[in-house]
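Enquirer: Next come the chains, spelled out residue by residue.
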Amino acid sequence: MSKKGFSKKVALLVLAVFMLAIVAGCGGDKASDKASDGDNKVGDTIKVGINCELSGAVASYGDNARNGALIAIEEINKAGGVLGKQLEPLVRDNQSKTDEAMNVSAALVDEGMVAQIGPLTSGAVAGSTPVMMENQIPLIAPAATANNVTVDEKADKVRDYIFRMCYRDSDQGQRMADFAIDTLKVKNAAIFGSTSDDYAKGLAKYFQEEFESKGGTIVAVEGFMNGDKEFRGPLTKIRGKNPEFIYVPGYYTEVSVLIKQARDLGLSVPIGGGDGWDSPDMVKVAGAEALNNTYFTNHYSVEDPDPAIQSFVEAYQAKHKKAPDSFAALGYDSVKLLADAITRADSADPVKIKEALEKTQDFTGITGKMSIDEQHNPVKNIVVIEYKDGKLVSR
Amino acid sequence: MLEFMQQLVNGLSLGAIYALIALGYTMVYGIIMLINFAHGDIMMVGAYVGFFSISILGSNIVVAMIFAMVSCALLGVVIEKVAYKPLRNSTRIAALITAIGVSLFLEYITLYFLTAQQRVYPDSAFPLHKYEVLGLVISNKDIFIIVSAVILMIILQYIIKRTKTGKAMRAVSLDREAAMLMGISVDRIVSVTFAIGSALAAAAGVMIGLYYNAINPLMGIIPGLKAFVAAVLGGIGLIPGAMVGGFLMGVLETLVSGYGSSMYRDAVAFGVLILILLIKPTGLFGKNTGEKV
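Chains as they are written, first to last, in the numbering used here: chain R, 1 to 395; chain Z, 1 to 293.
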């Protein structure tokens, strides 16, 4: 191939990517019209970037987190805003794609955001991270649970501008292992988790470590890919090993089908998982009966009688005609924490906000009371939720 | 032994779905030498048509399946007329790339209009019953899928072997120009082929929806690729080859994940494709004609 022909192709490719970016941009809000001023200190509003998965594989996470975040912003603005200024949400869709999350962040930086809420998954946050670090703008990840989101594990360095609102995979995996051994009193377990992403692999790893260190035995480790729909081969194999518990870290899209197939094959033992299970689709796909005797670690419970939680649940239900899931709650808390940090910093300067975020002590959100530790993780409680006849019951 | 039998049942119902999709690939290839990469996505459209006819029109599963098959047959014919017919005399690579284009078009048009949210087949459409025979768990869904796949294959065999249209299809497949000289309308035969192939894919789509409950706009990609491997395994262009290839793939995949490791399942499936192409490119049932790919 001649050099000239090659560069022409590259040019075409770049053009195609551009067109895609333009088309994707059209899905956003009217706020993009204001992109030109690009100054985040002089404006009469404080711009908050909301970089969410509004379409693509995990659209339900992004949708709900955005809804939660917008309710928080509405509440804050109604109460007079922050430092006398209104918060202005800039909502953008990253299509559940890592590279798109990065593009969205870059566009939001140009539009003058002071901080970003989202993306939701650890992979997409990793995509967004370089842009945020380079421009020194804090990012609060509502639900990215991979340990390396806030810490560069290779360089053993905290990522200065990245914070999170949820606990880590290690905490979650350990909590479920403790729950299985201490509460369910099981002695051996099988692990059958997604191998397509760091999140599920992390959960599996920390579950196994904790389970074994407490004297339990792991009898089988199997894996599946995101997008799979056929799990009966490995499930039949697991059935042959007679585990007392099966740990299934992954997302609801696969887990729901998996649990149904497990129950169909006569595997009636308790099944556990992580916050990736949290979606109304679980009950729709797997059915209420198959979900009995399944447990997952989560960020909060809708059933919690705490008045702050109940008023949020009411506001959300009135607006969206459904109960808020954890993503909605975490999105809500992320905005509240950001507003709290801006107030404490007494400035909407991104660097000062970051410093205030680092100093967070005993912030009370609806997902619990938390402090931010030196690795930018919140220190808080983990709830275990049980499915009982299609209803969520906290344990 | 019990576990092996269970894996076999699992593999056969998966294989039935692959076989149905593989049939469409193979028929189209047999007639116009085109690997129709949009085939998996036609299956996806079939799954959606089935879903909407159950959830909106409230039809039962058999009606939904027939409805999906008819609409996808039409879709297949339209796709052929619009996208492939103008290219019938151009290079094969042009038609192949067009097929990939059609595939992406179907995926993203569905994504655009129906969003990426997965849809859930209503459970009431086909309530699950499980039967335990000597510790072997077989559900009515397994039986429904295997039986209806076999019935569809028998009907297909009948059409091809016993009807005039089938005879014409075989003639076109053997030698298009000679068939034309004999007064066979090649255009009509190609349309019929696409209609039948797409209808089979739609049936497979409804089965997948029924079996795994959840459907989404990108669900056609992986089963489409696996069915393509199945078609090549049996010998692309050969109808019995596609059936056997489909069942073999299903069983092989299940056994690999049951006795080897579930992580290697896809690697084995595509490894089979490479092996077949290296050792016996005409497939298990293929004869060496010296002219094929």
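No wet-lab data here; the hints were simulated from the structure.
Incorrect hints may have been included.
[Unchecked claim] Below 16 Å or equal to it, Euclidean Cα-Cα: the simulated EDC-like pairs (lysine to aspartate or glutamate) are:
(1) Lys229/R - Asp187/Z
(2) Lys141/Z - Asp264/R
(3) Lys284/R - Asp123/Z
(4) Lys130/Z - Glu289/R
(5) Lys229/R - Asp182/R
(6) Lys214/R - Asp264/R
(7) Lys359/R - Asp346/R
(8) Lys359/R - Asp340/R
(9) Lys85/R - Asp346/R
(10) Lys391/R - Glu303/R
(11) Lys85/Z - Glu3/Z
(12) Lys388/R - Asp306/R
(13) Lys185/R - Glu210/R
(14) Lys130/Z - Asp340/R
(15) Lys81/Z - Glu107/Z
(16) Lys391/R - Asp281/R
(17) Lys85/R - Asp99/R
(18) Lys241/R - Glu107/Z
Remember, predicted model here, so these are calculated numbers, not experimental data.
Enquirer: Would you mind marking each hint as holding or not holding in the structure?
Expert: Here's how the hints hold up against the structure:
Between the alpha carbons of lysine 229/R and aspartate 187/Z the distance comes to roughly 38 Å, so the proposed pair goes past 16 Å and is violated. Only pairs whose Cα atoms come within 16 Å are accepted, and lysine 141/Z paired with aspartate 264/R is accepted, the gap being roughly 11 Å. Between the alpha carbons of lysine 284/R and aspartate 123/Z the distance comes to roughly 8 Å, so the proposed pair stays at or under 16 Å and holds. Distance restraint check for lysine 130/Z and glutamate 289/R: the Cα-Cα separation of roughly 14 Å lies within the 16 Å cut-off, and the hinted pair is therefore satisfied.
For the hint linking lysine 229/R to aspartate 182/R, the alpha-carbon distance of about 32 Å lies beyond 16 Å, and the restraint is violated. A threshold of 16 Å between alpha carbons decides the hint, and for lysine 214/R with aspartate 264/R the separation of about 31 Å lies outside it, so the pair is violated. A threshold of 16 Å between alpha carbons decides the hint, and for lysine 359/R with aspartate 346/R the separation of about 14 Å falls inside it, so the pair holds. A C-alpha spacing of about 11 Å is found between lysine 359/R and aspartate 340/R, which places the hinted pair at or below 16 Å, so the restraint holds.
Pair hint lysine 85/R plus aspartate 346/R holds up; C-alpha atoms about 12 Å apart against a cutoff of 16 Å. Between lysine 391/R and glutamate 303/R the CA atoms are separated by roughly 10 Å; this keeps the pair inside 16 Å, and the hint holds. This hinted pair does not check out: lysine 85/Z and glutamate 3/Z have alpha carbons roughly 49 Å apart, beyond 16 Å. The suggested pairing of lysine 388/R with aspartate 306/R is violated, with an alpha-carbon distance near 22 Å, which exceeds 16 Å.
Between lysine 185/R and glutamate 210/R, the direct Cα distance comes to roughly 14 Å. Compliance with the 16 Å bound is thereby established for this hinted pair. Under the criterion of a C-alpha separation no larger than 16 Å, the hint pairing lysine 130/Z with aspartate 340/R is inconsistent with the structure, at around 55 Å. Distance hint between lysine 81/Z and glutamate 107/Z is unfulfilled; the C-alpha atoms sit about 19 Å from each other, more than 16 Å. This hinted pair checks out: lysine 391/R and aspartate 281/R have alpha carbons roughly 12 Å apart, not beyond 16 Å.
Our distance criterion of 16 Å between C-alpha atoms is broken by lysine 85/R and aspartate 99/R, whose separation comes to about 33 Å. With a C-alpha separation of about 40 Å, the suggested pairing of lysine 241/R with glutamate 107/Z is violated against the 16 Å cut-off.
Violated hints, in rising order: 1, 5, 6, 11, 12, 14, 15, 17, 18; the structure is consistent with all others.
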